[in-house]
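Since the structure of chain A is already known, use the hints to place chain B on it.
Protein chains in written order, with our numbering: chain A, 1 to 110; chain B, 1 to 113.
It is worth saying that the hints were derived from the structure and are not from the lab.
A portion of the hints provided could be inaccurate.
Straight-line distance between alpha carbons at most 27 Å, and here's what the computed DSSO-like set of lysine-lysine pairs gives [unchecked claim]:
(1) K57/B to K69/B
(2) K57/B to K36/A
(3) K57/B to K70/A
(4) K71/B to K18/B
(5) K36/A to K70/A
(6) K59/A to K70/A
Pairwise CB distance ranges (calculated) [to be verified]:
(7) Q58/A to N106/B: 20 to 26 Å
(8) T20/B to D18/A: 44 to 50 Å
(9) Q3/A to P39/B: 17 to 23 Å
If you're wondering where the values come from, they're calculated on a predicted model, not measured in any experiment.
Just so you know, even glycine gets a beta-carbon here, dropped at the ideal spot from N, CA and C.
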Amino acid sequence: GQQVMQIPQYQHVQEGEDFTTYCNSSTTLSNIQWYKQRPGGHPVFLIQLVKSGEVKKQKRLTFQFGEAKKNSSLHITATQTTDVGTYFCAGYNYGQNFVFGPGTRLSVLP
Amino acid sequence: EAQVTQNPRYLITVTGKKLTVTCSQNMNHEYMSWYRQDPGLGLRQIYYSMNVEVTDKGDVPEGYKVSRKEKRNFPLILESPSPNQTSLYFCASTIDRNNSPLHFGNGTRLTVT
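Isolated chain A (complex conformation) (with noise of 0.2 Å):
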């Protein structure tokens, strides 16, 4: 069946650094979906990506989706302690359901 990877799977950041999370599915996908949880809390979304591709952009977050539409990444410029988290990947293939990486867990040191 279809597979989510994620690396890395820490990353540890001095604040106002950078970060980059990457995930690559096993098939092609029709769209992929990013999300955060907060130590203790539960995963919010942050974006969606449909199309081959696709570049979308919120403040200091950054999502591709690949042209063959089987990876993507999330960057995080200047990071800060409000980032830390674990950010998944969930890739979906149309009439299944989403699969889920295994996240990536980001600490920032102030």
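Positioned in the frame of chain A, the structure of chain B alone reads:
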């Protein structure tokens, strides 16, 4: 306020003692789903429901049951819990599983001793 409500938040039980985790949403969503979250494994789908009286197995359904008698409620039932079901559980719902965001409940941390 639009939300998904799970209860209880924390539950400690013993092996074999039946339990139910409730989930309710007030957004009139047709699609509801249960996930378990374990370190390093992310969110794995247990069961999902496309609508009332329609339920299907997810990736890790063994040891769990669900029901969908009403649109708003989707309880998760563990008939005979075992220690390997110790986990963090999330209920989620969405209006359209094809391209709409999932709304998650606050989670239920279950410990089975």
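Does the structure break any of the earlier hints, and which numbers would those be? none
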